[in-house]
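Kindly generate the complete structure, drawing on both the sequences and the hints.
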Amino acid sequence: MKARTLIAAGAVLLLAGTTPALAQMRGPGSGTSGMTGSMPGMPAGAGECHGEPVAFGDERPWVSIALAHAKDLGLTPEQEKALTTLRDGFQQDALRLAGEIRAAEVELRRLRTQKPVDLGAVEARIRAIAGLEGDLRLARARTLEKGGAVLTAEQQAKLASLARSARGMHRT
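By my numbering, the letter at position 137 of the sequence shown is numbered 137, and the numbering carries on one by one without gaps.
Just so you know, these hints were derived from the structure itself, not from any lab. The reader is advised that the hints may include incorrect statements.
Have a look at the derived ranges for each label pair, beta carbon to beta carbon [as the list claims (entries may be wrong)]:
#  : residue 1 : residue 2 : range
1  : G74       : R142      : 35 to 41 Å
2  : A103      : A166      : 45 to 51 Å
3  : G89       : R110      : 31 to 37 Å
4  : A70       : A103      : 33 to 39 Å
5  : T113      : G74       : 53 to 59 Å
6  : A70       : G134      : 48 to 54 Å
7  : K71       : A153      : 49 to 55 Å
8  : T113      : G134      : 47 to 53 Å
9  : E80       : A124      : 25 to 31 Å
10 : A124      : L95       : 34 to 40 Å
11 : G74       : D118      : 54 to 60 Å
12 : E80       : G134      : 26 to 32 Å
13 : E100      : E123      : 15 to 21 Å
For glycine and all other residues, C-beta sits at the position ideal for the given N, C-alpha and C.
Next comes the structure, spelled out in structure tokens:
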């Protein structure tokens with residue numbers, strides 16, 4: 001019974017931890033997108049979807065959205081370069097961490113097929129995966145914070161307004 005509980009807990013961690021962070025790599029308009037949380041200074045409500053708060057914040061790739069709307073936001077070439085560097089750096093980190101997570105998940109599956117199951121090894125692998133997922137989420141949070149610092153308060157407000165407008169267009 002302990003093994004089943006441990007495996008179930010591991011599965012929940014796996015499913016809950018990676019989806020938002022990995023989705024950032026896909027950029028805007030790709031279904032579940034990432035960069036959890038709103039940029040610093042974003043108006044209240046910018047991190048909500050259909051009026052309901054999202055569990056870990058808004059799942060939008062704010063840096064990619066800002067770059068896609070560079071002209072609308074009046075980004076300077078320096079701001080575009082800084083945001084591009086942030087996005088590209090995050091994507092590199094996310095790809096590396098996602099690969100490490102996948103490899104650890106493969107190892108976890110292998111450990112679970114052994115008879116008898118070594119619960120100590122399974123627990124260690126699950127905790128390692130959770131650590132990698134935490135690293136991925138922290139990378140997103142850091143990127144958001146740095147991205148917000150690149151934009152002026154006016155640009156942040158305009159980005160929030162663009163996001164609200166786009167959200168309204170997608171409602172049915």
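Against the structure, the hints come out as follows:
1. G74 with R142: 35 to 41 Å: The hinted range 35 to 41 Å is violated for G74 and R142, with Cβ atoms some 25 Å apart.
2. A103 with A166: 45 to 51 Å: violated, 36 Å
3. G89 with R110: 31 to 37 Å: holds, 32 Å
4. A70 with A103: 33 to 39 Å: holds, 36 Å
5. T113 with G74: 53 to 59 Å: holds, 56 Å
6. A70 with G134: 48 to 54 Å: violated, 32 Å
7. K71 with A153: 49 to 55 Å: violated, 19 Å
8. T113 with G134: 47 to 53 Å: violated, 26 Å
9. E80 with A124: 25 to 31 Å: violated, 44 Å
10. A124 with L95: 34 to 40 Å: The hint (34 to 40 Å, Cβ to Cβ) is violated, given that A124 and L95 are roughly 24 Å apart.
11. G74 with D118: 54 to 60 Å: Once the Cβ atoms are compared, 58 Å apart, the range 54 to 60 Å for D118 and G74 holds.
12. E80 with G134: 26 to 32 Å: holds, 30 Å
13. E100 with E123: 15 to 21 Å: 18 Å Cβ-Cβ, so the 15 to 21 Å window holds.
Violation of the numbered hints given earlier is confined to hints 1, 2, 6, 7, 8, 9, 10; the remaining hints are satisfied by the structure.
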